[in-house]
Amino acid sequence: MSVSELEFQAHAAESAPAGGGIEGRSQWQLTWRRLLHDKVAIASMVVIAVMVLLAITAPVFASLYHHGPDQAFTNTGTTSTGAPVGPGTHGFLLGTDYIGRDLFIRILYGARISLFVGIVTTAIAAVAGVGIGLIAGYFGGWVDTVLARFIDTVLAFPYIVLALALAAVFSPSLTIVIGVISFFSWAGISRIVRGQTLSLKEKEYIEAARSLGAGPWRIMFIDILPNLMGPVLVLATLYIPTAVIFEATLSFLGIGVPEPTASWGSILSEAQNYYTVAWWYVVFPSAALLITTLAFNLLGDGIRDALDPRTERIFAAGKRGRRRRRRLAARQGTSPLTPAELGE
Amino acid sequence: MSDTLPRDAAPPMPPDPDTEDDVLVRVDKLVKHFPVRGGGLVRRTVGQVQAVDGVSLVVRRGQTLGLVGETGCGKSTLARCIAGLIPVTSGTVTFEGRNITNLSRRAMQPVRREIQMIFQDPYGSLNPRRRVGAIIGDPFAVHKTAKGAARKKAVQELMERVGLNPEHFNRFPAEFSGGQRQRIGVARALALRPKLIICDEPVSALDVSIQAQVLNLLADLQSDFGLSYLFIAHDLEVVRHVSNDVTVMYLGRVCESGPKDQVYDSSRHPYTAALLSAAPAADPDAAAQRRRIILTGDVPSPINPPSGCRFHPRCPKAQDLCGQQEPALEVKPGDPATHLTACHFPVQEGESLARVAGRERR
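Sequence order for the protein chains is A and B.
So the mapping is simple: my numbering equals the position in the first sequence, first residue as 1, plus 2.
No gaps in the numbering here: position 126 of the second sequence is 107 in my numbering, and each next residue is one more.
Honestly, the hints are just simulated from the structure, not real lab data.
All C-beta atoms, glycine included, are put in the ideal place defined by N, C-alpha and C.
Wrong hints could be hidden among the right ones.
Here are the simulated DMTMM-like cross-link-like pairs (lysine to aspartate or glutamate), alpha carbons at most 20 Å apart as the crow flies [to be verified]:
hint	chain 1	residue 1	chain 2	residue 2
1	A	Lys205	B	Asp102
2	A	Lys203	A	Glu272
3	A	Lys203	B	Asp102
Covered, in the sense of this in silico footprint (three residues per stretch, anywhere, with C-beta under 8 Å from a C-beta of chain A), are these stretches of chain B [what the hints assert, rightly or not]:
hint	stretch
4	97 to 104
5	180 to 187
Simulated restraints on C-beta separations [what the hints assert, rightly or not]:
hint	chain 1	residue 1	chain 2	residue 2	range
6	A	Phe141	B	Ser37	32 to 38 Å
7	A	Leu66	B	Lys125	56 to 62 Å
8	A	Val148	B	Arg25	19 to 25 Å
9	A	His39	B	Thr126	41 to 47 Å
10	B	Glu141	A	Phe159	54 to 60 Å
11	A	Phe141	B	Ser190	42 to 48 Å
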């Protein structure tokens, strides 16, 4: 042991707080610290933050360029033959669409719809999924039988068919889009939550809570729920891109957000007829969709790894695994979750 | 809590142990059977696990009743029945003269304040995602007796009382050692100032030196708060140290019960004698002299227990009668009225079962 090391230790001992006011680091603080070591997750968070920022500030860009999201520029926005103009032409950063609207502005406004739908539907699905999963898992018996069969039914349902039927009965609207996506998203979360609840409710600390006289609701939401937040957070992060794609699919099929509101799906739907003459019409909205969903997926993976540092020992192959194993020594804390429990 | 040597913890016996006023909990012919369901579509009940089968016992005010027996003999099931955590098949549990058997959760609520539990596993019994302050404050939250600053103050007083640093209320259970965690469990059980604490093997997961600390803490709390304990353990020396009375269970039934000196020093039931002979002695000279009673075979399945006396297939003294007729739990000739034994052929004074076992069994 070198002298400097001894000095360092002596210094550390002197400056250590004398007992009082020590606060334990929560699971979330530990997870956050591990997440900050994951470069991929950091990059994903930056991408998502930029995307959200662009979506929020879309009207600023619209007024900056003096291009409204639904405003068609028939003179400057289309060529003499009526085709869209390319990127950079006449001040259209990413070109125009088939009637001369600014593609850049429309993609930004599309991000508002996509992210809004993605986050709102996932929030609804998470709340419903956690509630129903907890109730089914904790109460068991006939309650569980009924709810579990209902979950299976929803998961087995052909969602595109229901969406088409709903769109045929009602006129397409944002509300229907959110309703349909939420309805088909909660069941997957429910199933995971139910399984976790079934194992958690046998823990001795649940029996301890019952011996204190805690009722079923208190046990579910105060004792079991905190132990579920990890897998639910991972699932929710992975459900956001699914919902974004779901919305794009519905809009692509013409049963999503109605015209002229811009949505990545509806832009791609229109672009089908023009991709031979206007590559930018397909590439830029697709890229926006791809980058957003990829970022959410990678962030979800990162959160999963951060919640359960043992995961990488199982999947410790390749360069990424070796890099992570070196960092393992510096990490602290474990989670009772195994990758199988977290996986969807 | 610096002293690690156990003191003699049990308070002296009251002058008249049979007064009904002294009885805090009376368990009468308690039966708990768990149905065993078949694997088929209809899931018929194909059998019953007779976990507890007609157990009667009494816990007296301010005293400790030790409950001993092998793993799987129904000790913990009995504890959970008394605490109202699982429904009882038949029989009664009376607390302070009031029948509390199978009460609804709402009706049980006031009783819960009087009966608390300390669990065996100091790791499993504390929620890993909640701070210690929240865990110890739970009883106050559930029974709405204190909130906000008052609750925090009460929690910190409890932590101090059980020998934890009150500044650590913001920590998580993972940041404490096994002994400290068990102190957290004790603080939680103590929060509502109960009259009875059911200790379900509270020290069997701990180091021996830590065991002594926790046992001394329990003894101090007993004298300070006038607590009664139902103390479950399989460590005979621990039970002898803490108990006033001892009840020995085998396969869901009581074999022998009575004041600890009676049960330990003049055991009547061959099973008690065998258990005591198996306990390791700390003194090597005594260990060399002691003669073990070797029991053959395993504990039979509680799904299909032996007829008559449940111990007879393994008993060195068993005769034909033992397999035919169930022995009653009664006072044997020469014993005081508090010493009950369920055996047709109780061990006599000076009789060595080790010799019997050696001749007949091996």
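Consistency of the hints with the structure:
no. : hint                            : result
1   : A/Lys205 / B/Asp102             : holds, 10 Å
2   : A/Lys203 / A/Glu272             : violated, 52 Å
3   : A/Lys203 / B/Asp102             : holds, 16 Å
4   : 97 to 104                       : holds (count 5)
5   : 180 to 187                      : violated (count 0)
6   : A/Phe141 / B/Ser37: 32 to 38 Å  : holds, 34 Å
7   : A/Leu66 / B/Lys125: 56 to 62 Å  : holds, 57 Å
8   : A/Val148 / B/Arg25: 19 to 25 Å  : holds, 23 Å
9   : A/His39 / B/Thr126: 41 to 47 Å  : holds, 44 Å
10  : B/Glu141 / A/Phe159: 54 to 60 Å : holds, 58 Å
11  : A/Phe141 / B/Ser190: 42 to 48 Å : holds, 44 Å
Violation of the numbered hints given earlier is confined to hints 2, 5; the remaining hints are satisfied by the structure.
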